[in-house]
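S.K.: Residue numbers (the numbering used here), protein chains in the order written: chain A, 1 to 179; chain B, 180 to 475.
Bear in mind the hints are in silico, worked out from the structure with no lab data behind them.
These numbers come from a predicted model, not from an experiment.
Heads up, the beta-carbon is just placed ideally off N, CA and C, and yes, glycines get one too.
Some clues are possibly wrong.
What the hints assert, rightly or not - Selected chain A positions facing chain B (Cβ under 10 Å, derived; list incomplete): (1) 59; (2) 69; (3) 128.
Said to hold, decoys possible - Here are the simulated EDC-like cross-link-like pairs (lysine to aspartate or glutamate), alpha carbons at most 16 Å apart as the crow flies: (4) B:218 x A:39; (5) B:223 x B:235; (6) A:142 x A:164; (7) A:2 x B:195.
Stated by the list, open to error - Calculated from the model, a selection of chain A residues having no Cβ within reach of chain B, i.e. all distances over 12 Å: (8) 34; (9) 61; (10) 131; (11) 148.
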Amino acid sequence: MKRFVALKVNGEEYDIDIEPNRLLLHALREDVGLTGTKEGCSIGVCGACSVIVDGKLVSSCLTLALACQGKEITTIEGLAKDGRLHPLQQAFLEYGGFQCGVCTPGQIMAAKALLDANPNPTEEEVKEWMSGNLCRCTGYYKILEAVMAAAHNKISSDFQVKHERKTAKIQSLNVYKDS
Amino acid sequence: MGFELLQPRSLAEALEMKKSYGEEAKVLAGGTDFLVLLKDQKLKAEVVMSLRGIRELNFIRHEEGKGVTLGALATHGAVAASAIIRQRFPDLAEACAQVGAVQVQNLGTVGGNLCNASPAADAAPPLLLMDASLILASARGERRISIHDFFQGPRRTVLQADEILKEIFIPQIPGRRGATYLKLGRRKAMEIAIVGIGVAIHLNGSDQVVSDCRIALGSVAPTPLRARHGEEILRNQEIRDELIEEAAEVAAEEASPISDVRASREYRLDMIRVLCRRAIPAALASARGNKVEGLS
Numbered sequence: 001m002k003r004f005v006a007l008k009v010n011g012e013e014y015d016i017d018i019e020p021n022r023l024l025l026h027a028l029r030e031d032v033g034l035t036g037t038k039e040g041c042s043i044g045v046c047g048a049c050s051v052i053v054d055g056k057l058v059s060s061c062l063t064l065a066l067a068c069q070g071k072e073i074t075t076i077e078g079l080a081k082d083g084r085l086h087p088l089q090q091a092f093l094e095y096g097g098f099q100c101g102v103c104t105p106g107q108i109m110a111a112k113a114l115l116d117a118n119p120n121p122t123e124e125e126v127k128e129w130m131s132g133n134l135c136r137c138t139g140y141y142k143i144l145e146a147v148m149a150a151a152h153n154k155i156s157s158d159f160q161v162k163h164e165r166k167t168a169k170i171q172s173l174n175v176y177k178d179s
Numbered sequence: 180m181g182f183e184l185l186q187p188r189s190l191a192e193a194l195e196m197k198k199s200y201g202e203e204a205k206v207l208a209g210g211t212d213f214l215v216l217l218k219d220q221k222l223k224a225e226v227v228m229s230l231r232g233i234r235e236l237n238f239i240r241h242e243e244g245k246g247v248t249l250g251a252l253a254t255h256g257a258v259a260a261s262a263i264i265r266q267r268f269p270d271l272a273e274a275c276a277q278v279g280a281v282q283v284q285n286l287g288t289v290g291g292n293l294c295n296a297s298p299a300a301d302a303a304p305p306l307l308l309m310d311a312s313l314i315l316a317s318a319r320g321e322r323r324i325s326i327h328d329f330f331q332g333p334r335r336t337v338l339q340a341d342e343i344l345k346e347i348f349i350p351q352i353p354g355r356r357g358a359t360y361l362k363l364g365r366r367k368a369m370e371i372a373i374v375g376i377g378v379a380i381h382l383n384g385s386d387q388v389v390s391d392c393r394i395a396l397g398s399v400a401p402t403p404l405r406a407r408h409g410e411e412i413l414r415n416q417e418i419r420d421e422l423i424e425e426a427a428e429v430a431a432e433e434a435s436p437i438s439d440v441r442a443s444r445e446y447r448l449d450m451i452r453v454l455c456r457r458a459i460p461a462a463l464a465s466a467r468g469n470k471v472e473g474l475s
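Let's have the full structure, built from the sequences with the hints guiding it.
M.R.: Have a look at this one:
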């Protein structure tokens with residue numbers, strides 16, 4: 001029998017009716033409609049579904065959605081503010097901390113939870129903390145670089161402006177449009 | 180995996196529910212094992228009782244001169260980060276820090292780790308070293324049992340149909356204690372132990388003569404166990420390499436590992452010896468470095 005739950009995701013409240021066995025992962029993706037959080041192994045081993053609940057990094061595939069009533073849930077969609085990327089998001093772009101991108105939302109959420117708790121981690125601390133986030137494209141070094149860059153504010157201030165300009169220029173070339 | 184979900188807000192409410200539902204209501208704490216078992220259909224549940232909303236079970240309490248009590252919902256993450264546990268029971272902190280990774284440590288509980296009764300439960304060997312006791316509660320009342328009497332076999336414990344694990348009590352240990360937990364897996368994170376070994380060394384007065392040595396093994400028998408004959412070899416002795424070697428041999432003889440997907444019986448027996456040879460000196464060094472007497 002479906003039950004009502006109010007999920008507070010990225011500061012907004014979503015009232016949904018779900019089965020008691022609904023996992024937070026599926027409630028976020030299918031009921032709330034935020035598909036940034038990815039499903040990987042679904043048994044709490046790969047970290048792709050990592051989200052932050054009441055300040056703690058958790059696997060959303062190991063959490064019942066009904067148990068999250070009244071809790072503050074943060075997903076990858078909650079990081080960018082007013083059109084500005086979160087420093088970690090920008091660092092992952094700038095330092096190429098991803099390849100296929102499936103693990104990236106989980107990687108970024110894990111890194112965010114780390115920097116929230118420890119703003120100045122060593123490389124070893126980052127590796128240890130992120131050991132629960134698998135990347136099957138094997139791009140770990142660049143992920144590490146991106147997290148360290150975000151921690152030490154080594155991201156360019158004009159990255160987003162340049163990126164947007166470049167995108168606009170490519171689009172203006174008209175090559176992708178029908179003639 | 181459809182089920183009815185019970186969400187009691189207090190222990191009293193949970194015990195009443197367990198009284199009326201009995202065996203039918205499966206108890207969910209952190210969910211890191213439970214939900215995976217349900218998904219794999221290794222566990223069937225019509226009714227699931229989640230303890231997550233019971234705040235009174237989520238604590239770590241230290242009473243000087245008595246010991247430390249963990250509420251059944253204390254997570255691996257909270258235990259691994261607790262200053263008192265890290266200082267006085269480093270083996271338990273190390274074990275909890277080696278369960279899964281951060282995402283799992285923030286959900287999984289030490290209580291759930293014990294109640295699942297996996298032979299590989301990481302929290303079990305350290306708690307066996309400490310002679311911890313468990314408070315089991317039901318609507319009929321409470322009983323206290325030793326952790327040594329808790330496990331009955333793989334995934335079987337002495338918990339009755341109407342009972343819930345309420346607290347884990349770690350008693351004060353006299354003298355200076357040093358301890359470590361070593362876990363062997365194919366990689367560091369997100370692993371189930373192939374072999375897990377806890378060793379505690381107690382010193383009383385002398386830095387040389389070991390007043391007590393305790394060895395606990397995980398993943399090498401139907402339940403986690405103490406290697407009591409191996410311990411005997413080091414008790415009241417001055418530790419020498421030959422004695423460590425002998426204790427490691429004897430400890431391996433006390434285990435009865437199986438061959439499974441993770442490792443063969445022979446490999447596990449060999450690794451008990453290797454890990455004992457590493458853990459005993461490490462525990463001794465940790466005891467010698469511990470200058471505080473009468474740690475609880």
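S.K.: If a hint holds in the structure, say so; if it does not, say that too.
M.R.: Hints versus structure:
no.: 1; hint: 59; in the structure: 4 Å, holds
no.: 2; hint: 69; in the structure: 9 Å, holds
no.: 3; hint: 128; in the structure: 8 Å, holds
no.: 4; hint: B:218 x A:39; in the structure: 14 Å, holds
no.: 5; hint: B:223 x B:235; in the structure: 28 Å, violated
no.: 6; hint: A:142 x A:164; in the structure: 23 Å, violated
no.: 7; hint: A:2 x B:195; in the structure: 24 Å, violated
no.: 8; hint: 34; in the structure: 18 Å, holds
no.: 9; hint: 61; in the structure: 8 Å, violated
no.: 10; hint: 131; in the structure: 3 Å, violated
no.: 11; hint: 148; in the structure: 18 Å, holds
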